[in-house]
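With chain Z fixed as given, assemble chain P onto it according to the hints.
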Amino acid sequence: MKRNKKFGEQLGILIVLIFLVVYFSAVTKGSFIRADNLLNIVRQVSMIGISAVGMTFVILTAGIDLSVGSLMSLINIVCALLMVKAGLHPVFAIFLSLVVSCCIGLLNGLIVTMAKIPPLIATLGMMISLRGMSYLLCDGEPVDGFEDWFRIIGQGDIWKTPIPVVIMLVTFILGWIFLNKTTYGRYIYGIGGNEQASRLSGVNVTAIKCLVYSLSSLLTGVAAIIMLSRLTTGQPKIGTGFELDVITAVVLGSVSIFGGQGRLTGVFIGVLIMGVLRNGLVILDVSEYYQQVVSGMVLLGAVAFDNLSKNSKNTT
Amino acid sequence: MDQNILTVENITKSYPGVRALDNVSIDIKRGEVHAIAGENGAGKSTLIKILTGAVLPDSGKINLEGKTYPAFTPHQAIDLGIAAIYQELNLIPYLSVAENVFFGREIRFGPFINSRTMSLQTSSLLAKLGIAMDPDTLVKDLSVAFQQIVEIAKAVSHDLKILIMDEPTASLTVKEVRHMFDLVKNLKEKGVTVIYISHKMSEIFELADRITVLRDGRFIETLRSENTQRRQLVSLMVGKELGETYPEKTAQKGNVLLKVKNICTGDLLKNISFKLEAGEILGFAGLVGAGRTQLARAIFGADKIESGDILIDGKKVFIKNPDQAVKHGIGLIPEDRKLHGILANMSVKENISFSSLKDVSRFRIINSKQENNVTSSFRQKLNIKTPDMNCRVENLSGGNQQKVVLSKWLASHSRILIFDEPTRGVDVAAKQQIYELIANLAEAGTGIILISSETEELIGMADRILVMRAGSITGSFEKGQATQQSILDLAIGD
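Sequence lines, in order, name chains Z and P. What the first sequence shows, in numbering that gives the first Met the number 0, is residues 0 to 315, in sequence order. What the second sequence shows, in numbering that gives the first Met the number 0, is residues 0 to 493, in sequence order.
Same shape as in the complex, but just chain Z:
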């Protein structure tokens, strides 16, 4: 009973996903559904997926984090410079990069809670300045020349599964536990639903908000390192528009932009829809401009379909 109800929440977008898979499989005469292509799809969206877990936490508190795209660029450059210019061991460089990510997220959280600037504006400001910082750090030039085995993170496999996909799955599983089984998760839903009542129930709203922005940035940092390892050059222009991809995935996953409502299982499906759509359109050799038009339409269509299927359930 209870399980059905929860499952029902994601039914609408699950139907959209299945429809897309069936459609692309049919029009590509089966080449879409081949195992290597499916694995390819999941690898392509793994970075969006990892960052979307953190974004889900933020949006559930009725916030938003626009800074993730620029942060991806900054961490890309920072990690590259630490290895190439400072000559640090990759493990140490990765660790330091993640610490930097966390600090920037914490700063986002403090701006939102202490300076009381609405999240949209606070993270917009961060988005602009982080992008500038990342160009400054590398003078706008690509940074390359890493040790060979650094590539494993982005390009290697574990049991025939690409490592980025493994990291994404682990992120989703840990994120799901965090959100559904810990007190933190409960407080996140509480704050998104009624911040005043949560505060008056003794929840430290400032701390929880700082935590969600830190996690969003930390996970984006992880995605940035995967990106760096896949491209093997640090580039300041990387991650342009990434924040919109991540937000799109979360919204596709039927998480309410007003906070307090939505589940990570839905976000996972949302991430897959984005991957399937992109890959399918590429295989069909649809031009890039048309791809954008279609992607936007599918987003609107999927969210509308999801809302309508929910509403019809409420009234019967």
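Hint data in this document are derived by calculation from the structure and do not stem from the laboratory. Please note that the accuracy of each hint is not assured.
[Stated by the list, open to error] Below, a list of computed lysine to aspartate or glutamate pairs in the EDC-like style, where the Cα atoms sit at most 16 Å apart:
1) Z:K84 to Z:D138
2) P:K315 to P:E334
3) P:K160 to P:D358
4) Z:K180 to P:D358
5) Z:K159 to Z:D35
6) P:K337 to Z:E194
Same frame as chain Z, but now just chain P:
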């Protein structure tokens, strides 16, 4: 001409797990004030929502001035001259009175809004209602009472036939209530039919020509108010004879739990000092705006204290925010349940355990089984009516929501509980249960601060009553000394 302006026939409406209205038929006569009485969850709100088109009935029909409709859409209801005034107002704060009255139907001069004509027409409209108000004032600058009047003016401006008023006096002062009554009588003289929903017996008997009682979603009876006794009405609402009695309390007062010394915050609180003993019910009387809610929020750490000390168990504590207050064992049942009390998007279970998650978790991981056990025990103890524990708390009636909020604090083992208007908007039977719960808590040694605007309730419940006026404590009564008159004298002052 038909004597009935509106009849609803065999209306049924179900929500998941609840049958809100069950085959209800009511007739409303043209030009009468018709009160709808019933406990929380009796189906009053659902009935209003159907009449204003906010929800669709599952079955049944509505007959308005001889025409039959299966249901109304919100637009249709307005066009047909039905308007409703809710406790929550639907005005736009940064627009003027006139702009609100004409919102959506602005008077235009070509493509431009004709503000002057709108203001003039609003003035004459308000004058007809016997109200003096500047139509160019921004709505945000008006008191709640005047905002309600703007809502009424807005309704009247649409060729109003039926006005539905849902607990219109809940947040009004005594004087404002009188004003509201005059307005209702004025509207009635102008031929408007009024459907009036209230928990307050005195209001129903003063205003209504006829009273319809609903109980558990069913129609019980329609009574003429001049032939009806107050007691008879209450027993119809509750379904059994019920006295307005307050529970006997035998608790012995214990050691001092809370001591407040010279608390000040700006103009709102001036040098407040008092002490609260274990097992004591300390009442706070006063008019709206006397500073009682501010005092509660200050003790609870929700608002800053400028100077003064708070001592718990004789030790000085610094409570800077509510989570520290909770750690010191203080709980607050706030006045505005929807805004500050419940987490509407979450389940009954999640609401109850929200402040005590640390008790049912290890290393921050929640133990679902333990959580289910603890929260279910409160459902039983407090007799919370809900289809199941995973039901969203917003689907519960007001009285049951209040019990959920109370359970949250009981689950977190609060030793000091602050009740801010705990029985506001709660029906007679639920009131009785809340009184009993408060008395039981005191017997178990909890220190209770009871803020209430109903002096009768304070006299019945409290061991000691402090009266506040304009941010200061102006007097104190031991149990048995206070009368409604003596409290009111101190509350109003000169």
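Hint by hint, here is what the structure shows:
1. A C-alpha spacing of about 13 Å is found between Z:K84 and Z:D138, which places the hinted pair at or below 16 Å, so the restraint holds.
2. With a C-alpha separation of about 27 Å, the suggested pair P:K315 and P:E334 falls outside the 16 Å cut-off, and the hint is violated.
3. The straight-line distance between the Cα atoms of P:K160 and P:D358 is roughly 56 Å, outside the 16 Å bound, and the hint therefore fails.
4. Distance hint between Z:K180 and P:D358 is fulfilled; the C-alpha atoms sit about 14 Å from each other, no more than 16 Å.
5. Using a Cα cut-off of 16 Å, the hinted pair Z:K159 and Z:D35 holds, with the two alpha carbons roughly 10 Å apart.
6. Of the supplied pair hints, the one linking P:K337 and Z:E194 holds, its CA atoms being roughly 12 Å apart against a limit of 16 Å.
This entry does not satisfy hints 2, 3, going by the numbered hints stated previously.
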